[in-house]
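Listed below, chain by chain, are the residues.
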Amino acid sequence: MPLNTLIQIKDLTKEYQSGELTTSVLHGLNFEIKKGEFVSIMGPSGSGKSTLMHILGFLDTLSTGQYFFEGRDVSKLNDDELADMRSNKVGFIFQAFNLLNRSSALENVIMPLYYTTMSKTERMTRGKKLLSMVGLDHRLQYTPGQLSGGEKQRVAIARALVNNPEVIFADEPTGNLDSKSGHQVMKILQDLNQQGHTIILVTHEKYTAEHAKRILRIKDGEIVGDDEVKERQLAEDGAELVK
Amino acid sequence: MFLLENLHNVWKILSRNKVRSFLTMLGIIIGIMSVIVIMSVGAGAQSLILNQVKGMGSNLIGVLPGSSNEDGPPASAMGIVITSFKNKDVEAVMNAGNSHLVAATGYIRGRDTITWGEQKTDTNFVGVSYTYPSVEDAELGSGRFFTEEEDRSSGRVAVIGSQVAEDLFQDLDPIGKIIKIKRTSFNIIGVMEERGVSGFENQDNQIFVPLETAQKTLLGVDYISYARFKIDAAENVDDSMEFVRAIIRDEHDITNPENDDFSVRSMAQGLSTLTTITNALKLFLVAVASIALMVGGIGIMNIMLAAVQERTREIGLRKAVGAKKRQIISQFLIETMAITLTGGLIGIVLGLLISFAVARVAQGMEYDWEYVVSVSSILLACFVSIGIGLIFGLLPARRAANLDPIEALRYE
Chain D
1 MPLNTLIQIK DLTKEYQSGE LTTSVLHGLN FEIKKGEFVS IMGPSGSGKS TLMHILGFLD
61 TLSTGQYFFE GRDVSKLNDD ELADMRSNKV GFIFQAFNLL NRSSALENVI MPLYYTTMSK
121 TERMTRGKKL LSMVGLDHRL QYTPGQLSGG EKQRVAIARA LVNNPEVIFA DEPTGNLDSK
181 SGHQVMKILQ DLNQQGHTII LVTHEKYTAE HAKRILRIKD GEIVGDDEVK ERQLAEDGAE
241 LVK
Chain R
1 MFLLENLHNV WKILSRNKVR SFLTMLGIII GIMSVIVIMS VGAGAQSLIL NQVKGMGSNL
61 IGVLPGSSNE DGPPASAMGI VITSFKNKDV EAVMNAGNSH LVAATGYIRG RDTITWGEQK
121 TDTNFVGVSY TYPSVEDAEL GSGRFFTEEE DRSSGRVAVI GSQVAEDLFQ DLDPIGKIIK
181 IKRTSFNIIG VMEERGVSGF ENQDNQIFVP LETAQKTLLG VDYISYARFK IDAAENVDDS
241 MEFVRAIIRD EHDITNPEND DFSVRSMAQG LSTLTTITNA LKLFLVAVAS IALMVGGIGI
301 MNIMLAAVQE RTREIGLRKA VGAKKRQIIS QFLIETMAIT LTGGLIGIVL GLLISFAVAR
361 VAQGMEYDWE YVVSVSSILL ACFVSIGIGL IFGLLPARRA ANLDPIEALR YE
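As they're listed, the protein sequences go chains D and R.
For the first sequence, our numbering gives the first residue as 1, with consecutive numbering after it.
For the second sequence, our numbering gives the first residue as 1, with consecutive numbering after it.
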């Protein structure tokens, strides 16, 4: 396996058991994602793209097949090891932001570090740096209720970056945003990718998906296309948010 | 580190909804408060009894007429008058030559109106031997106690308690005054030192007269109500009790101990009986308080289960960013324990205040009541409140830790 391969999926399937009924969601996926890629996983709702993202993000386990992350067989990891992977290797950006409503922007950003060994002063420094990176250094003590949708998602991006992850998962990150804020968020993601971050974007929108460099099309639990984006959408919001 | 930050978070969560936090804690507050009050007031009451018994002298033996088993009340305490116990029995014991028996006196009690000129007071008179002060370690405030001579000759002399002196004579010196009890005149020769309330009797509201005077002149009887023997040392009390029994049996021509028409008791015995009773009472009250604690704990569990439900998304998020199960468990456990411990501390403070108030009221009523705060009961209360948090927090914490992060993140 080449050194720069981050994710390797072999014959991955996922089935859900509910009582007597077995629902098969993913049937036999095969693909690789290299370090530094910006990949969209695109498909209609019910296609299994969210399930795939959950498995890739160590939130869910696969039924059969293999998943190697940096060459490590993920299916052999126990609960605690999966938690460690989530803590050290991945960052999530959700459609619904999922911020703690009663905590400040800064507290939200550094929340994942709570489960690491990093010292409190180090965390604060890192949190402030990331918030200023997404252009929110004037909003450190604001609670989510005092922030606009776009600002909330930028806080969530800072949070996703706080543990310096190998890969960022963005699940419909623009789904709850107006187009201007959406552009801002996509611009940040593209800039982060420019800096070398691996980004996996999950969306059902072709337009959003085309901000990535590569699109994995998924339908009914199978990959139906794996293409480079020829005419890439470049988010321009006029603001240089990521420095 | 983790703990401190958790506590900081807990503080934020508690202060977020103060009314609910307070109501959540209420059960624990009441439970712990009750435990502290029971322990402290119980200890205060025990100290009161202990002091009284000590005040009378712990190496005393009491002899009561009528048989009774070791722990039951004596017949005389149930209002039955038994006339078989005489002062000659006491004298026989003292004359038997046991060097451990230091002093003894018989007692006969009565109650009547005492007059001095126009002044009147209702009080108890007690017939005792001249040895009374050495038996009960009673001190005289002024004057003297009656002598052996006055005792033997049924002298019309009286020694009055400090309360009687105050009631009858106010600021005047009672020594040398003549008072009347049942139309018999008595010459006051001494006033007792103030002794306070002992048992259920005000020791200062009594008049002491020679035993025979009380028997013959005032009451017209020849028996005594009870007798007390002073023993030289506490370790000789048990042997001396046997000795006293043997002599009185001999005096009463009793061969089978089951036919005893008297009973011999030590103060230590009485004390242990009282302690047994108060301890049982304390235990019962603590049991009632524990029920309050249980109910409080269940209330907290209920609230925490609701909190887990409310914070499902937060828990899902925390798991998604790398929180392990045990970290979620400890977060919720610490939170529950902080609530119960805070409630416990409030309960301890309230309990101490209430017991302090009780002690002050009792002291105000001139009881020899100590304000006892046992460190052990406070420590116990702390541990119990933390323990309740641990026990009743476990279920909600486990439920939180076992949430599926994907489901939890979708939860509305």
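Keep in mind that a hint or two might mislead.
Heads up, incomplete: computed chain R residues facing chain D, CB under 10 Å, no partners named [what the hints assert, rightly or not]: (1) Lys12; (2) Leu14; (3) Arg20; (4) Gly155; (5) Arg156; (6) Gly190; (7) Lys216; (8) Leu219; (9) Leu317; (10) Lys319; (11) Gly322; (12) Arg326; (13) Ala362; (14) Met365; (15) Arg410.
Where chain R lies over chain D, by a calculated footprint (3+ residues, C-beta under 8 Å) [as the list claims (entries may be wrong)]: (16) 51–65; (17) 148–158.
Simulated pairs of lysine-lysine, BS3-like, Cα-Cα distance not exceeding 25 Å [to be verified]: (18) R/Lys12 - D/Lys128; (19) R/Lys177 - D/Lys76; (20) D/Lys76 - R/Lys18; (21) D/Lys120 - R/Lys325; (22) D/Lys89 - D/Lys76; (23) R/Lys12 - D/Lys89.
Simulated from the structure, these hints should not be mistaken for laboratory data.
Quick caveat: nothing in here was measured; it's all calculated off a predicted structure.
Ideal placement from N, C-alpha and C gives every residue a C-beta, glycine not left out.
The hints, checked one at a time:
1. Lys12: Given a least distance of 7 Å, the restraint on R/Lys12 holds.
2. Leu14: 12 Å, violated
3. Arg20: 14 Å, violated
4. Gly155: This hint is violated: R/Gly155 lies away from chain D, its Cβ roughly 88 Å from the closest one there, beyond 10 Å.
5. Arg156: 88 Å, violated
6. Gly190: 78 Å, violated
7. Lys216: Violated. Min distance 89 Å.
8. Leu219: Result: violated, 82 Å to nearest chain D Cβ.
9. Leu317: 5 Å, holds
10. Lys319: Interface hint status for R/Lys319: holds (7 Å vs cutoff 10 Å).
11. Gly322: Holds, about 3 Å.
12. Arg326: Because about 8 Å separates R/Arg326 from the closest Cβ in chain D, which is inside the 10 Å limit, the hint holds.
13. Ala362: 49 Å, violated
14. Met365: 53 Å, violated
15. Arg410: 9 Å, holds
16. 51–65: holds (count 4)
17. 148–158: violated (count 0)
18. R/Lys12 - D/Lys128: Holds. R/Lys12 to D/Lys128 sits at ~22 Å (cutoff 25 Å).
19. R/Lys177 - D/Lys76: 105 Å, violated
20. D/Lys76 - R/Lys18: Judged against 25 Å, a Cα distance of about 46 Å means the pair is violated.
21. D/Lys120 - R/Lys325: With Cα atoms ~22 Å apart, D/Lys120 and R/Lys325 stay inside 25 Å; holds.
22. D/Lys89 - D/Lys76: 17 Å, holds
23. R/Lys12 - D/Lys89: It is violated: about 30 Å lies between the C-alpha atoms, which goes past 25 Å.
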